[in-house]
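Counting in our numbering, the final residue of the sequence shown is number 187, and the numbers go up one at a time with none missing.
Calculated from the structure, these hints are not laboratory results. Keep in mind that the hints are not guaranteed to be accurate.
Unchecked claim - Keeping only pairs whose Cα atoms sit at most 27 angstroms apart, straight-line, the calculated DSS-like set for lysine-lysine is: (1) K182 x K29; (2) K18 x K29; (3) K164 x K141.
Said to hold, decoys possible - Label pairs and their calculated CB-CB ranges: (4) S55 x D167: 31 to 41 angstroms; (5) G38 x N96: 16 to 26 angstroms; (6) S25 x D152: 34 to 44 angstroms; (7) D64 x K143: 31 to 41 angstroms; (8) K156 x N89: 26 to 36 angstroms; (9) E111 x K18: 31 to 41 angstroms; (10) S36 x E111: 14 to 24 angstroms.
We put the CB at the ideal spot given by N, CA and C, even for glycine.
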Amino acid sequence: MNDLIKKQLQEAQATMDKAILHCESELTKIRAGKASAGMLDGITVDYYGTPTALSQVASINTPDARTLLVQPWEKNLLTPIERAIMEANIGINPQNDGVVIRLVVPPLTEERRRDLVKKAKEEAERGKIAIRNIRKDANEKIKRLKGDAVSDDEIKTGEGEVQKITDVYILKVDKHMEAKEKDILTV
Numbered sequence: 001m002n003d004l005i006k007k008q009l010q011e012a013q014a015t016m017d018k019a020i021l022h023c024e025s026e027l028t029k030i031r032a033g034k035a036s037a038g039m040l041d042g043i044t045v046d047y048y049g050t051p052t053a054l055s056q057v058a059s060i061n062t063p064d065a066r067t068l069l070v071q072p073w074e075k076n077l078l079t080p081i082e083r084a085i086m087e088a089n090i091g092i093n094p095q096n097d098g099v100v101i102r103l104v105v106p107p108l109t110e111e112r113r114r115d116l117v118k119k120a121k122e123e124a125e126r127g128k129i130a131i132r133n134i135r136k137d138a139n140e141k142i143k144r145l146k147g148d149a150v151s152d153d154e155i156k157t158g159e160g161e162v163q164k165i166t167d168v169y170i171l172k173v174d175k176h177m178e179a180k181e182k183d184i185l186t187v
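The whole structure should be built from the sequences, with the hints applied where relevant.
So, in structure tokens, the structure goes:
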């Protein structure tokens, strides 16, 4: 296979890897009734006027399956952290006891579980769309190589390889979705 086509395949694969990682991180944010530090990813705290990731100003622990403990490294950050968690609207009310912030994850109702599965499926579909868009871009780049000492047969082979890679990555998204659905529906 032509080196130019191989390069396009590698680029497409690297971009698809990023799409998978993004999809995984988005699925992690969907809580399944169990406490996990990942639920607080993306929350930023006003740290002396600078928006800072929560994980960089406090330690986050899960003492049991339903509780998260957020212990700030500086006591004066309790209120800003509490405010940031409330503004993030993650569906959990923080309880500030003056030392740590306790987040108790409520048990999920059957209806809420179905809603979360639906949300997870939407996120997985976004991941698949991203992968298909990467496939489309890779195929267009391969077609543009036609004049650069690349034959029609090599272009067809390259497009076939892009499709094989795409199928593998779509399957990865499906597997992540199945695992998340099982996690959400497990009582």
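*Against the structure, test the hints numbered earlier, and report the numbers of the ones violated in rising order.*
Violated hints (numbers, rising): 7, 8; every other hint is consistent with the structure.
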